[in-house]
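Enquirer: One-letter residues, chain by chain:
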Amino acid sequence: MLGGHKVQSLTCGYCGSVLDANDEFKVVKTFKDLKRPYCPVKIGMRGRIHGVDFIAIGVLQYRDNDLSTWVEVCLYSPTHGYAWLEYGHGHFVFSRRTRDLPEYDGVLHHKSPFVANGYLFKTHSIYDATVTFVEGELTYLAQVGDRARVIEGISPPIGFSIESKGNEQEFQLSEYLVPADAYSAFGLDADEARARAQVHPLQPYEPTSLTSGLRLSGLLFTPVALALVLYTLMLGSGTALINQTFSAKEIYGKAGAVTHQFEITDAQRLISLDLYSSMNNAWGFFEVVVKKSGEEIFSMGKQISYYSGYSGGESWSEGSTDAHAYFKVPQAGTYTLEISGEGGTGSTGRRPQARAISVQVREGVKVSRYYLALLVLSALAWGAGWYSKRRFEAARWDEDDDDDD
Amino acid sequence: MQLNCPSCGSEVPHQLQYAKLVTCPSCQVTLFLEDDVVKNAGERASIAAGPSIFSLGQPFTHRGVSYVPHGRIRFDYGKGFWDEWWVSSDTGESSWVSVDEGDIAIEQPLSLNGAAPTFESLMVGSNVTVGPQNLLVTEKNEAQCIGYEGELPEVISVGETHQYVHLSGHRGLLLTIEYADDGTHIYKGLWIDPFEVNA
Numbered sequence: 057m058l059g060g061h062k063v064q065s066l067t068c069g070y071c072g073s074v075l076d077a078n079d080e081f082k083v084v085k086t087f088k089d090l091k092r093p094y095c096p097v098k099i100g101m102r103g104r105i106h107g108v109d110f111i112a113i114g115v116l117q118y119r120d121n122d123l124s125t126w127v128e129v130c131l132y133s134p135t136h137g138y139a140w141l142e143y144g145h146g147h148f149v150f151s152r153r154t155r156d157l158p159e160y161d162g163v164l165h166h167k168s169p170f171v172a173n174g175y176l177f178k179t180h181s182i183y184d185a186t187v188t189f190v191e192g193e194l195t196y197l198a199q200v201g202d203r204a205r206v207i208e209g210i211s212p213p214i215g216f217s218i219e220s221k222g223n224e225q226e227f228q229l230s231e232y233l234v235p236a237d238a239y240s241a242f243g244l245d246a247d248e249a250r251a252r253a254q255v256h257p258l259q260p261y262e263p264t265s266l267t268s269g270l271r272l273s274g275l276l277f278t279p280v281a282l283a284l285v286l287y288t289l290m291l292g293s294g295t296a297l298i299n300q301t302f303s304a305k306e307i308y309g310k311a312g313a314v315t316h317q318f319e320i321t322d323a324q325r326l327i328s329l330d331l332y333s334s335m336n337n338a339w340g341f342f343e344v345v346v347k348k349s350g351e352e353i354f355s356m357g358k359q360i361s362y363y364s365g366y367s368g369g370e371s372w373s374e375g376s377t378d379a380h381a382y383f384k385v386p387q388a389g390t391y392t393l394e395i396s397g398e399g400g401t402g403s404t405g406r407r408p409q410a411r412a413i414s415v416q417v418r419e420g421v422k423v424s425r426y427y428l429a430l431l432v433l434s435a436l437a438w439g440a441g442w443y444s445k446r447r448f449e450a451a452r453w454d455e456d457d458d459d460d461d
Numbered sequence: 004m005q006l007n008c009p010s011c012g013s014e015v016p017h018q019l020q021y022a023k024l025v026t027c028p029s030c031q032v033t034l035f036l037e038d039d040v041v042k043n044a045g046e047r048a049s050i051a052a053g054p055s056i057f058s059l060g061q062p063f064t065h066r067g068v069s070y071v072p073h074g075r076i077r078f079d080y081g082k083g084f085w086d087e088w089w090v091s092s093d094t095g096e097s098s099w100v101s102v103d104e105g106d107i108a109i110e111q112p113l114s115l116n117g118a119a120p121t122f123e124s125l126m127v128g129s130n131v132t133v134g135p136q137n138l139l140v141t142e143k144n145e146a147q148c149i150g151y152e153g154e155l156p157e158v159i160s161v162g163e164t165h166q167y168v169h170l171s172g173h174r175g176l177l178l179t180i181e182y183a184d185d186g187t188h189i190y191k192g193l194w195i196d197p198f199e200v201n202a
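In order, the protein sequences belong to chains A and B. Heads up, this note's numbering is the position in the first sequence plus 56, with the first residue counted as 1. Heads up, this note's numbering is the position in the second sequence plus 3, with the first residue counted as 1.
Since the hints were derived computationally from the structure, they do not count as laboratory data. Misleading hints may appear alongside valid ones.
[Said to hold, decoys possible] Residues on chain B that point at chain A, a partial pick, calculated with CB under 8 Å:
{"id": "1", "residue": "F35"}
{"id": "2", "residue": "F84"}
{"id": "3", "residue": "D106"}
{"id": "4", "residue": "G128"}
[Stated by the list, open to error] Which chain B residues stay away from chain A? Per the calculated CB distances, all over 12 Å, these:
{"id": "5", "residue": "S29"}
{"id": "6", "residue": "V71"}
{"id": "7", "residue": "S171"}
[To be verified] Stretch by stretch, here's where chain A covers chain B in the computed footprint (C-beta under 8 Å, at least three residues):
{"id": "8", "stretch": "52 to 61"}
{"id": "9", "stretch": "86 to 96"}
{"id": "10", "stretch": "185 to 198"}
Beta carbons: idealized from backbone N, C-alpha and C, even for Gly.
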């Protein structure tokens, strides 16, 4: 016998005979043609878990309502008593009996909370577990076909189960073991471990280094980018230098239009040029020449086109009624803008629409688009980490992404 | 007051004036004090050595409290045995630590207002109210002393039997009722996790 005095049955894994340890090892029942399930930890193996030496003394295989199966290895320590090592789909869970009674209101159902052993658990599964294989020494008279009603609560990596058999109820406190640690505990080669399938309810979320890095950078840069965006939006509009409106006759005339003079005080500061027109179903192309003391510094072309209509019961529009440009001047001083334009209406008209053009120049603007891009990218990075965890938790609860839970 | 062993004459440890049973350090006979006279308790059944978290005189801690085991009694309950360690804590309290293959509980005597339920009235699996507590009867059995060692707060004999019932409550609460010839004794304590014991 490998176990202590609480061993109550011994089952032969070859002939399937169940022997009652309390009745001179009389054969209680015999189960033939049982197929031994796979488990890397076998009867007789010794291992060390949390600093305590255990020996594997018995094996049970269970099947639940969904026909999913798993193995539970009964472990014995002369100093720490009996425990269970559950193995299924590549996952390991270490469980031992607890005397703490769970506290909850009413009846437990899916996701109901309850408290036990100082943890707050959420009910994860309620199912019937049926024994399909027995071998070795166990602390009770276990037989193939025995059935227990199980309620499992999770607080990953810790779990709590309530097992009811007949008029008996037993409580187990469980802990998820990283497979490499479980293999190492029993002196097994972790390289031979079978890959983990599915997400175990108690499995802690372990982000990859990529998702960790993305999430961390997102956490770091998102608030920074947001602050910069807000700063540029609130304080980055600059100082207005000119705000003039020209008639279509002036802009589209042969001579074009010339703005008032304006002073640029700091050549290092960004200048913005905004053109606006209330044209509709028309376009205008404007050449803007920047002059300092009458001398051309540089020129640029900007286009405004806006079209709208009503088709198939819906309104539509395309284009924009304004145009923008940002530039810097080589030196501070007095500047003017000369603006000349051409335009048309519709798609083929060559006569510009008789709508005024507003011109505004501001000094010291701050462009938020780059910070906005940083905000979007960093938020996406953080979101990638969040989504990875969200998917993991959905798999833990066996929920589809489309579920509302 | 100096006390001497009636078997070998050696000076008896002074703890005898506080504990009820002590072991003579010279001849290992168990001694007890009655009417200021040191008496031989008779041959004590030695407890077979085996793996244990606890050992006499070796301190251990649980949740920040330090304890020292002074004595041990072994009881047989038919299907197996358990040990009752008499320990004192660094807070000055004495307790009993019962150990049965990893099932460990720390208990102290409890004075109950009113009578305790009788042994016959309690059924395993039933709920019972004791004082303000609503408890579940989890074990009911009879135990026999099969050995003891060290210092103990009571005189006990090998072969003594008593009936007992375990009642469990929330947060590991344990109530043990012992029905002995000298009366009913109640102990209250907690089941503890052996992984939380540091020895």
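Enquirer: Taking the hints in turn, state whether each one holds.
Expert: Each hint tested on the structure:
1. F35: violated, 30 Å
2. F84: Holds, because the Cβ-Cβ distance from F84 of chain B to chain A comes to roughly 7 Å (cut-off 8 Å).
3. D106: holds, 6 Å
4. G128: Hint holds; G128 of chain B Cβ to chain A Cβ min 5 Å, cut 8 Å.
5. S29: Answer for S29 of chain B: holds, closest chain A Cβ roughly 31 Å.
6. V71: It holds; V71 of chain B is separated from chain A by about 18 Å at its closest Cβ, greater than 12 Å.
7. S171: violated, 6 Å
8. 52 to 61: It holds: at least three residues are needed, and the stretch 52 to 61 of chain B offers 4 whose Cβ sits within less than 8 Å of chain A.
9. 86 to 96: As far as the stretch 86 to 96 of chain B goes, the hint is violated, because 0 residues have Cβ atoms under 8 Å from chain A.
10. 185 to 198: holds (count 4)
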